[in-house]
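What follows is each chain in one-letter form.
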Amino acid sequence: DQQVKQNSPSLSVQEGRISILNCDYTNSMFDYFLWYKKYPAEGPTFLISISSIKDKNEDGRFTVFLNKSAKHLSLHIVPSQPGDSAVYFCAASARISNFGNEKLTFGTGTRLTIIP
Amino acid sequence: EAQVTQNPRYLITVTGKKLTVTCSQNMNHEYMSWYRQDPGLGLRQIYYSMNVEVTDKGDVPEGYKVSRKEKRNFPLILESPSPNQTSLYFCASSSTSYNEQFFGPGTRLTVL
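In order, the protein sequences belong to chains W and B.
Here the first sequence is numbered in the numbering used here, starting from 1 and rising by one per residue.
Here the second sequence is numbered in the numbering used here, starting from 1001 and rising by one per residue.
Any given hint could turn out to be false.
As the list claims (entries may be wrong) - Examples of chain W residues toward chain B, derived with CB under 10 Å:
no., residue
1, Q2
2, Q6
3, P9
4, Y32
5, K38
6, A41
7, G43
8, P44
9, T45
10, S49
11, F89
12, R95
13, L104
14, T105
15, G107
16, G109
These are calculated hints, taken from the structure and not from any lab test.
Note that beta-carbon positions come from the ideal geometry of N, C-alpha and C, so glycine has one too.
Just chain B, same shape as in the assembly (with noise of 0.2 Å):
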């Protein structure tokens, strides 16, 4: 079954533990990107990769990382997080950036 998986789907945490969410894809993509959601914002784009060891950032990428290593695999890192991080993360891949995106089922984060 094609499909984004992400991990955690939930996880707290305190302000400064460092922390890495997932996201992997089967497709084959090229295009990856993360996204997250809050309240009355919708849904911002924090950074994104056109291929491998190719990545840049969205419209709000400070406090966070991201890799691209392989072709399947685009994991975001938190550093050192903050309760202003706490939100509803989404990981979304496609076969070239000018076709419509794939969304993983999301991973809510809370930082205390």
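The shape of chain W in the complex, shown without the other chains (with noise of 0.2 Å):
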């Protein structure tokens, strides 16, 4: 059972255009939302992080929307650069009574190709 998902195996965006990736969980538990963007031959590297108390959070050219009720959150990276081709994956964890982020479950990631 797939609690966090990533519907779009792949994505292809215009140079300097607005890439928009898309996650969606099942676990109402979760609270706590993380995007990873990895490489070919690296490890993923942490990106941006959302609490459910909070709908949106910025940085930089990346911004993260939460939607609870739809239990859906994205990724806006805007404009779009030729470094940002990856692969993107979300994460969701339920920081329950004094426990962190220990068990992250992740999405199967979306590929996303910025193209010149």
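If you follow the hints, you should be able to join the two separate chains into one complex; please do so.
Set out below in structure tokens:
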């Protein structure tokens, strides 16, 4: 049972335009969400996160939106640059009680290609 | 340079031959974790450790063992590897379980 789903395996976007990557989750206990970026032959690197008490978090060209009622989050990259071409994973955790992110559930990833 | 290192990066082995994948971090992080990445399944957590001598199962622990005798090291042990453990493995660490994790470069394991 995939609790975190990224339904688009791939996405191609023109350089300079907006890239929108989507992620859906089913577990209502999830209250912290993260996006990781992965280049070939490297480990994932943290990009941006959002707590369930917020609906938006922005960091430079990257913005994550959270819609709790729809159990949906999205990552917006604007403007898109060639260096953004990578696989993007969303991840979720349930920070209940005094536990943190020790149990992270990842989606299957979306391969983003930026076309020059 | 702050980093998580894994060894070996590539390994081909045969069914039943015990192996260990090492993971080391130089950031004095308390929290460490192992994941496997498989096509169509994303990253799945195998085991994690909150501190020295404290480990717990993730979502797919069957067939794996871990130990945390020192803060910097978190080896993954496959006592009797099987072909379904062919995968790309990542080790990760963070200062606390609330912080974002730093990932190693990955170990590609093939079990014949």
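Each hint, compared with the structure:
With a least beta-carbon distance of about 8 Å to chain B, the hint placing Q2(W) at the interface is held under the 10 Å criterion. A least Cβ separation of about 8 Å between Q6(W) and chain B falls short of the 10 Å threshold, and the interface hint therefore holds. A distance limit of 10 Å between C-beta atoms decides the matter here; for P9(W) the minimum to chain B is near 9 Å, and the interface restraint holds. Annotation: interface hint on Y32(W) holds; nearest CB of chain B at approximately 8 Å, less than 10 Å.
Annotation: interface hint on K38(W) holds; nearest CB of chain B at approximately 8 Å, less than 10 Å. Hint on A41(W) holds. Least Cβ distance to chain B is approximately 7 Å, under the 10 Å limit. Taken as an interface hint, G43(W) checks out: its beta carbon lies about 3 Å from the nearest beta carbon of chain B, inside 10 Å. Using the Cβ-Cβ criterion of 10 Å, the hint placing P44(W) at the interface with chain B is satisfied: the shortest such distance is roughly 5 Å.
Satisfaction of the interface hint for T45(W) is found here, the shortest Cβ-Cβ separation to chain B being roughly 7 Å, below the 10 Å cut-off. For S49(W), the suggested interface contact is upheld, since its CB lies about 7 Å from the closest CB of chain B, less than 10 Å. Annotation: interface hint on F89(W) holds; nearest CB of chain B at approximately 6 Å, less than 10 Å. Because the beta carbon of R95(W) sits about 7 Å from the nearest beta carbon in chain B, less than 10 Å, this interface hint is met.
Because the closest C-beta pair between L104(W) and chain B is about 6 Å apart, less than 10 Å, the hint holds. Nearest Cβ of chain B to the Cβ of T105(W): about 7 Å, under the 10 Å cut. The hint holds. Annotation: interface hint on G107(W) holds; nearest CB of chain B at approximately 5 Å, less than 10 Å. For the restraint placing G109(W) at the interface with chain B, the shortest Cβ-Cβ distance is roughly 6 Å, inside the 10 Å limit, so the hint holds.
Hint compliance for this structure: no hint is broken.
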